[in-house]
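Colleague: Combine both chains into one complex, guided by the hints.
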Amino acid sequence: MQQRPERDARPLDAWRTCLRLGAIGAIVLGCGAAFAYVGGWLDPQRLTPDRIVDALETNSGVHAGFRRNHAKGVCVVGHFESSGAAHALSTAAVFAPGNTPVVGRLALPGGNPYAPDSSVPIRSFALQFTASDGEQWRTGMNSMPVFALATPQAFYEQQLAARPDPKTGKPDPRRMQTFFAAHPETAAFRAWAKTARPSASYATESYYGLNAFYFVDAQGKRQPVRWHLAPLDAVAAPAAQPRHDANYLQADLQQRLAQGPLRWRLLVTLGAAGDPTGDATRQWPADRPTIDAGTVVIARSMPQDDGPCRDVNYDPTILPRGIAISDDPLLPARSAAYAASYERRTREGAPQGGMPSSQSTQPERAQ
Amino acid sequence: MSLPAYSVNRPPAKFSLLARLLHWSMAVGIVAMLFIGVGMVASVSERHQWLVQVHKPLGVALLALACIRLGRRLAKGVPALPAGMPAWQRQAALASHVLLYALMFAMPLIGWAMVSAGGYPVTVASWQLPPIAPADAALFAWLRGAHRYLAYLLFATVLLHLAAALFHGWIRRDGVLESMTRGR
Numbered sequence: 004m005q006q007r008p009e010r011d012a013r014p015l016d017a018w019r020t021c022l023r024l025g026a027i028g029a030i031v032l033g034c035g036a037a038f039a040y041v042g043g044w045l046d047p048q049r050l051t052p053d054r055i056v057d058a059l060e061t062n063s064g065v066h067a068g069f070r071r072n073h074a075k076g077v078c079v080v081g082h083f084e085s086s087g088a089a090h091a092l093s094t095a096a097v098f099a100p101g102n103t104p105v106v107g108r109l110a111l112p113g114g115n116p117y118a119p120d121s122s123v124p125i126r127s128f129a130l131q132f133t134a135s136d137g138e139q140w141r142t143g144m145n146s147m148p149v150f151a152l153a154t155p156q157a158f159y160e161q162q163l164a165a166r167p168d169p170k171t172g173k174p175d176p177r178r179m180q181t182f183f184a185a186h187p188e189t190a191a192f193r194a195w196a197k198t199a200r201p202s203a204s205y206a207t208e209s210y211y212g213l214n215a216f217y218f219v220d221a222q223g224k225r226q227p228v229r230w231h232l233a234p235l236d237a238v239a240a241p242a243a244q245p246r247h248d249a250n251y252l253q254a255d256l257q258q259r260l261a262q263g264p265l266r267w268r269l270l271v272t273l274g275a276a277g278d279p280t281g282d283a284t285r286q287w288p289a290d291r292p293t294i295d296a297g298t299v300v301i302a303r304s305m306p307q308d309d310g311p312c313r314d315v316n317y318d319p320t321i322l323p324r325g326i327a328i329s330d331d332p333l334l335p336a337r338s339a340a341y342a343a344s345y346e347r348r349t350r351e352g353a354p355q356g357g358m359p360s361s362q363s364t365q366p367e368r369a370q
Numbered sequence: 006m007s008l009p010a011y012s013v014n015r016p017p018a019k020f021s022l023l024a025r026l027l028h029w030s031m032a033v034g035i036v037a038m039l040f041i042g043v044g045m046v047a048s049v050s051e052r053h054q055w056l057v058q059v060h061k062p063l064g065v066a067l068l069a070l071a072c073i074r075l076g077r078r079l080a081k082g083v084p085a086l087p088a089g090m091p092a093w094q095r096q097a098a099l100a101s102h103v104l105l106y107a108l109m110f111a112m113p114l115i116g117w118a119m120v121s122a123g124g125y126p127v128t129v130a131s132w133q134l135p136p137i138a139p140a141d142a143a144l145f146a147w148l149r150g151a152h153r154y155l156a157y158l159l160f161a162t163v164l165l166h167l168a169a170a171l172f173h174g175w176i177r178r179d180g181v182l183e184s185m186t187r188g189r
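Read top to bottom, the protein sequences are chains A and B.
With positions in the first sequence counted from 1, the corresponding number in the working numbering is that position plus 3.
With positions in the second sequence counted from 1, the corresponding number in the working numbering is that position plus 5.
By construction, these hints were calculated from the structure, which means they are not laboratory data.
Small disclaimer: the values here were computed from a predicted structure and weren't measured.
One should not assume that every hint holds.
Stated by the list, open to error - Computed Cβ-Cβ distance ranges for the label pairs, DEER-style:
| id | chain 1 | residue 1 | chain 2 | residue 2 | range |
| --- | --- | --- | --- | --- | --- |
| 1 | B | 62 | A | 88 | 25 to 35 Å |
| 2 | A | 190 | B | 26 | 51 to 61 Å |
| 3 | B | 102 | A | 99 | 50 to 60 Å |
| 4 | A | 36 | B | 101 | 13 to 23 Å |
| 5 | A | 172 | B | 28 | 52 to 62 Å |
| 6 | B | 93 | A | 64 | 45 to 55 Å |
| 7 | B | 186 | A | 167 | 56 to 66 Å |
| 8 | B | 102 | A | 135 | 43 to 53 Å |
| 9 | B | 76 | A | 355 | 44 to 54 Å |
| 10 | B | 97 | A | 35 | 13 to 23 Å |
Stated by the list, open to error - Heads up, incomplete: computed chain A residues facing chain B, CB under 8 Å, no partners named:
| id | residue |
| --- | --- |
| 11 | 23 |
| 12 | 34 |
| 13 | 38 |
| 14 | 42 |
| 15 | 316 |
| 16 | 321 |
| 17 | 324 |
| 18 | 328 |
As the list claims (entries may be wrong) - Computed list of chain B residues with no C-beta within reach of chain A, every gap over 10 Å:
| id | residue |
| --- | --- |
| 19 | 91 |
| 20 | 102 |
| 21 | 106 |
All C-beta atoms, glycine included, are put in the ideal place defined by N, C-alpha and C.
Chain B with its partners taken away, still in its complex shape (with noise of 0.2 Å):
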């Protein structure tokens, strides 16, 4: 049993270079997001406002590279785990990452979203995107709320995701961290 259940190939023995730059480029790029997102809504300083300008357009970048992550994903699948491991771990393996995977579409989504049902502008940068929701005070609300909460559930998630790498460097020793971290 692989982790991703998705490739119709054989796993690869190891992570390719994209991979690994996809992977490493996205997790800077996400935990920058969160705190940037945590600590721009705590701020009234000036913090706040260039905060926010770096929010959206990376938001959008991170979507755009949530997109090709997924693509390559699907079509060259990702290492196998070791056969060792308990089948607990396995589950856990496989449902955070296809929470991480949900999180990191429905976040950029949900944030797009919620400026187009605040009937704000959606200015990125110095780009004018489309409204993907109509103007609607309710769904603005709601939208909003799920930004927060589902930041929370993807830092928590991003934790136990690192955890667990550093699980299986640290502690089984097992080659899954240096997958990712040396490509072997």
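Next up, chain A with everything else stripped away, as it sits in the complex (with noise of 0.2 Å):
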């Protein structure tokens, strides 16, 4: 076997063989600290997904294997019956004439999966699109039509804000005060919510997918787009009264799904040239144009413990070819954070001790 000839074999002394080996040293500490400051660990102030998910746990308590937002929820499945009017603005296969199946989650906001139904005003809806190529589009819209705050470091200090009080066990409303008056933004959310009431059913909503989008079209032309869900034909319910028990909004879904599916219509808002799409707390002038790009149609519901929704992130940056997300900075945080959650819960297992009176709406579902 053939040796490499040893070079340079001039004896190095001792003091040159130290000034090697500290200068090796210096060279692998230097890479690891840029790998650590990377990563965060040295940048205490840095804003991380998981000091986002830190500070939901800290204000709602870690219930394990449950969402760290929304963690109250039921699983929701039927389809979207694509009118293809939007297909034009976007090549998504989902746009196409035709159904796609969707796997969707009612929800309310908050970390508590054992929160009243009453206790806010705000439901949500969350939705998978699985088209027949395999592509997936994941929104999840609120039943506000305006978000509250414009950036993931305003959403963090309202979370900060919002700590329960240990005394009261309730957000100190001073430091409330003090959030929403250096944080001006918030003034269409505060006009929202002072009507707002909690409603008796999921099924009278309306969702609004909040951040703006781009659709895509075949020519490559993008398209500020918003898009929002509008019940159909959903009987009214009269608003949350102290002498519904704390889980109304699942009996009452039940209820209706037994009597036939729920409908609305997707529709989707056309942004003009400079209209903010970078910020989701400003809407856009009414007299935008919208299209019906089709109907949601929810048959079924069940459980969020066992329910197909259960392990599906709603991270609202997947989407298909035809879809784009828009410069909202709260787009890349929503994906960053809930890909923390997810790994939380995932790793936790399956949710423990879940909702009471979590029956499922069907026989189908043994199928």
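Modeller: Next up, the structure:
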């Protein structure tokens, strides 16, 4: 076996050896420090996905296996009947005429999976559309038309301000007032919240995507859009009353589904040049044209402890070709924080001691 | 005793140009990948989105390069280590290279399997790859942990490899570093 000849055999003196070993050590340490800096370990001020999720956990407690936000909810399944009307603006297969199966989740905001349904006036609807080509569109929508905050930093600070006072178990109203005073962009949301009442049904609500996106057509033209779901033929329900039990939304949903599917129109609002795409606190002018892209039909519901939505991370940046994210800074933050929440809850296993009265609506579930 | 005991042929006297190209392109790619990975999971800004968009195709490219590289190594071998090296250093060299090769394959495959097990569509650049694991939350959680901790292990092994290469080049001055930098 041929051995490489030893080269440069002049011995190094002890001082030079130490110097060179020191240089090697410094290079290795420098690389390690750069890695630690990029990973956020040397930068305690940086807003990371884990810090956002930590703040949610501090406010609501850790409920093993549950989502860290919108923890209380119910799985629904059905399909989307595309009208074909949006297909000219977006190449996404989901907008071609025809049906696409959906797995959805109706939920309450907040990290407490046992919160009474009347505790917040907001409901949310997350959907996952799976097209025949395997592409997916995931979206998380809320029942208010405008979001309170524009940036992940502001969202994080709101979580800090809303930290429950150990004495009362509730957020300190003065701290919340101070927060809102420092964040005038919350005005539109607060105006909505002033008149909003917790609805008695998921079915009667409209659900807004809040963030702007782009539809991309076959020529690559990008159209700014926002979407929302508007209920079709949902019989009005009285606003939540104290006599309702804490879990009336699920009972109402089951009752309605027993009588037939629930429907929402998927309405896509087209932004004009100059409409803000990067600020979820600002609505677009009311006269912007809207396309009726089709109907979301929900046929069944099942508990989230073992339903098909349980293991879905409704990351709103999971999009098919033909839909693209905008410059809204909340979108990457949602993606990153949802991933951190998903990692934590899947590590903990399925949620334990789930919802009271978490019965399935249907015999079909066994199928 | 030669470091890669896999070759049936006599070990070559030097690293070929292809071997060096593979080594240095993968070195840049792997180090970039480790920094991208650790940076993207610590970011909530738009940087998070474009780092993820780079992470996935780069991972697929590194997996392809790793296949070519292992094939080349099995077929052609690598130069022998200098005769005067202590046994423990030879063993450390062998073990760290086995670990580097194992992780070069494991990291992209675990990443791909993890995305599959999470029920996500496996979208790489604008391609849709097939899932290579069943959608299973417990499996996802396990693979997600493996991806994270094996990445730390890979980074530590790369640093050790770097330190050993510099030790050969600056302290032992035995030509091992030059065999990869200059092909001699």
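Colleague: Hint by hint, note whether the structure agrees.
Modeller: Comparing the hints with the structure gives:
1. The hinted range of 25 to 35 Å is satisfied by residue 62 of chain B and residue 88 of chain A, whose Cβ atoms lie roughly 34 Å apart.
2. Taking the beta carbon of each, residue 190 of chain A and residue 26 of chain B are about 59 Å apart, inside 51 to 61 Å as hinted.
3. For the hinted restraint 50 to 60 Å between residue 102 of chain B and residue 99 of chain A, the CB-CB distance of approximately 51 Å keeps it satisfied.
4. In this structure the supplied range 13 to 23 Å holds for residue 36 of chain A paired with residue 101 of chain B, their Cβ-Cβ distance being about 22 Å.
5. At about 60 Å, the beta-carbon gap between residue 172 of chain A and residue 28 of chain B stays in the expected band of 52 to 62 Å.
6. As the Cβ distance of residue 93 of chain B to residue 64 of chain A is approximately 52 Å, the hint placing it in 45 to 55 Å holds.
7. Range check, residue 186 of chain B to residue 167 of chain A: Cβ separation about 60 Å, and the 56 to 66 Å hint holds.
8. Taking the beta carbon of each, residue 102 of chain B and residue 135 of chain A are about 46 Å apart, inside 43 to 53 Å as hinted.
9. Residue 76 of chain B and residue 355 of chain A have their C-beta atoms about 48 Å apart, which keeps the hinted 44 to 54 Å range intact.
10. Between residue 97 of chain B and residue 35 of chain A the Cβ separation comes to about 19 Å, which falls inside the hinted range of 13 to 23 Å.
11. For the restraint placing residue 23 of chain A at the interface with chain B, the shortest Cβ-Cβ distance is roughly 4 Å, inside the 8 Å limit, so the hint holds.
12. Given hint, residue 34 of chain A at the interface with chain B, holds; its Cβ is 6 Å from that chain's nearest Cβ, closer than 8 Å.
13. Residue-level restraint check for residue 38 of chain A holds (minimum Cβ-Cβ distance to chain B is 6 Å; threshold 8 Å).
14. The criterion of a C-beta within 8 Å of any C-beta in chain B is met by residue 42 of chain A, whose closest approach is roughly 4 Å, and the hint holds.
15. The closest approach between the C-beta of residue 316 of chain A and any C-beta of chain B is roughly 7 Å, which is under the 8 Å cut-off, so the hint is satisfied.
16. Hint status for residue 321 of chain A relative to chain B: holds, with the closest Cβ pair at about 7 Å, below 8 Å.
17. Interface restraint check: residue 324 of chain A against chain B, minimum CB-CB distance 6 Å, threshold 8 Å, status holds.
18. The interface hint given for residue 328 of chain A holds, since its Cβ lies 7 Å from the closest Cβ of chain B, which is under the 8 Å cut-off.
19. The Cβ of residue 91 of chain B sits about 14 Å from the closest Cβ of chain A, beyond the 10 Å cut-off, so the non-interface label holds.
20. Against the 10 Å criterion, residue 102 of chain B stays outside the reach of chain A, whose nearest CB is about 17 Å from its own CB.
21. Listed as outside the interface, residue 106 of chain B is consistent with that label: its C-beta sits roughly 21 Å from the nearest C-beta of chain A, beyond the 10 Å cut-off.
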